[in-house]
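> For reference, the chains in residue letters:
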Amino acid sequence: DQQVKQNSPSLSVQEGRISILNCDYTNSMFDYFLWYKKYPAEGPTFLISISSIKDKNEDGRFTVFLNKSAKHLSLHIVPSQPGDSAVYFCAASARNTGNQFYFGTGTSLTVIP
Amino acid sequence: GAVVSQHPSWVICKSGTSVKIECRSLDFQATTMFWYRQFPKQSLMLMATSNEGSKATYEQGVEKDKFLINHASLTLSTLTVTSAHPEDSSFYICSAQGDGTANEKLFFGSGTQLSVL
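Line by line, the protein sequences are chains A and B. So in the numbering used here, the last one in the first sequence is 1588, and the numbering has no gaps at all. So in the numbering used here, the last one in the second sequence is 270, and the numbering has no gaps at all.
It is worth saying that the hints were derived from the structure and are not from the lab. Each residue gets a CB set at the ideal place from its N, CA and C atoms; glycine is no exception. Any given hint could turn out to be false.
[Stated by the list, open to error] Footprint (simulated), chain A over chain B, 3 or more residues, beta carbon under 8 Å:
(1) 156 to 168
(2) 260 to 269
[Stated by the list, open to error] Here are the simulated DSSO-like cross-link-like pairs (lysine-lysine), alpha carbons at most 27 Å apart as the crow flies:
(3) A/Lys1543 / A/Lys1480
(4) B/Lys194 / A/Lys1546
(5) A/Lys1543 / A/Lys1512
(6) A/Lys1543 / A/Lys1531
(7) A/Lys1480 / A/Lys1531
(8) A/Lys1512 / A/Lys1480
(9) A/Lys1512 / B/Lys208
(10) B/Lys194 / A/Lys1480
(11) A/Lys1529 / A/Lys1546
The following block holds chain A by itself, in its conformation from the complex (with noise of 0.2 Å):
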């Protein structure tokens, strides 16, 4: 059973626009969400993260919204550049049962120069 799904394989954007990256989630009990970004052929590298207490948390261009009622997260990037052309996960955790982090199956994102 998935409980966490990025329901888009792929998106393209053009270069200078904003790219917004979606994320649902199933379990209620989760709390803490990542977004972690992988070039081909490396490991996927950490982002941005929100815990619920907050809905929203900003660092530069990259933004993550999280609606908890919604059980829905995305992540806004603004303005889009060629190097954030990547796949996209988003991941979720429960802390208090353990550190067990859920990923969704990623999205594509190509922007376009």
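Since chain A is already given, all that's left is putting chain B on it; use the hints.
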């Protein structure tokens, strides 16, 4: 930031042989390491959690006798795929976590693509 080294990055082996994959935390002590497996176009699936000095905890459906995990030190965990078969061909990736008090992020290795002929 923290660095996790995983090797080999790619291995091809004959059916029936065993393959060992190493995961090292280079600049921090990893009390907990995780092993994941990823099939094409699917998410990272947790296989097992290993804590230094104790037996690994395997996820449901993962054969512990087939996927041997050893976490003998705070900087090294190994995954051995024993008697590999073509269905074991996959992308295996490890991640490491620090002492847990201040570092909740996972740091990933670069992954190992295993192809079993």
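> Are the Cα atoms of A/Lys1529 and A/Lys1546 separated by 27 Å or less?
Given that 27 Å is the threshold and the Cα spacing comes to 13 Å, the pair holds.
> Run the distance test for A/Lys1480 versus A/Lys1531: straight-line Cα separation, threshold 27 Å.
Given pair A/Lys1480, A/Lys1531 holds - Cα atoms ~20 Å apart, limit 27 Å.
> Would you check the hint for A/Lys1543 and A/Lys1480, treating anything up to 27 Å between C-alpha atoms as holding?
With a Cα-Cα distance of about 15 Å, the restraint between A/Lys1543 and A/Lys1480 holds, given a limit of 27 Å.
> Assess, step by step, whether the Cα of B/Lys194 is no farther than 27 Å from the Cα of A/Lys1480, and give holds or violated.
Between B/Lys194 and A/Lys1480 the Cα gap is close to 13 Å, so the pair holds against 27 Å.
> Mind checking, does the stretch 156 to 168 of chain B have 3 or more residues with a CB under 8 Å from chain A?
That given contact holds, which follows from 3 residues of the stretch 156 to 168 of chain B lying within Cβ reach (below 8 Å) of chain A.
> Is the coverage entry for the stretch 260 to 269 of chain B by chain A consistent with the three-residue Cβ rule at 8 Å?
holds (count 5)
> Going straight from one Cα to the other, do A/Lys1512 and A/Lys1480 come out at no more than 27 Å?
16 Å, holds
> Could you grab the alpha-carbon distance between A/Lys1543 and A/Lys1531 and see if it respects the 27 Å cut-off?
11 Å, holds
> Between B/Lys194 and A/Lys1546, is the straight-line Cα distance small enough, at 27 Å or below?
23 Å, holds
> Measure nothing beyond the straight line between the CA atoms of A/Lys1512 and B/Lys208; if it is 27 Å or shorter, mark the hint as holding.
31 Å, violated
> Would the hint linking A/Lys1543 and A/Lys1512 be met if the CA-CA limit is 27 Å?
Holds, because 23 Å separates the two Cα atoms, which is no more than 27 Å.
When the structure is compared with the earlier hints, a violation turns up for hint 9 alone.
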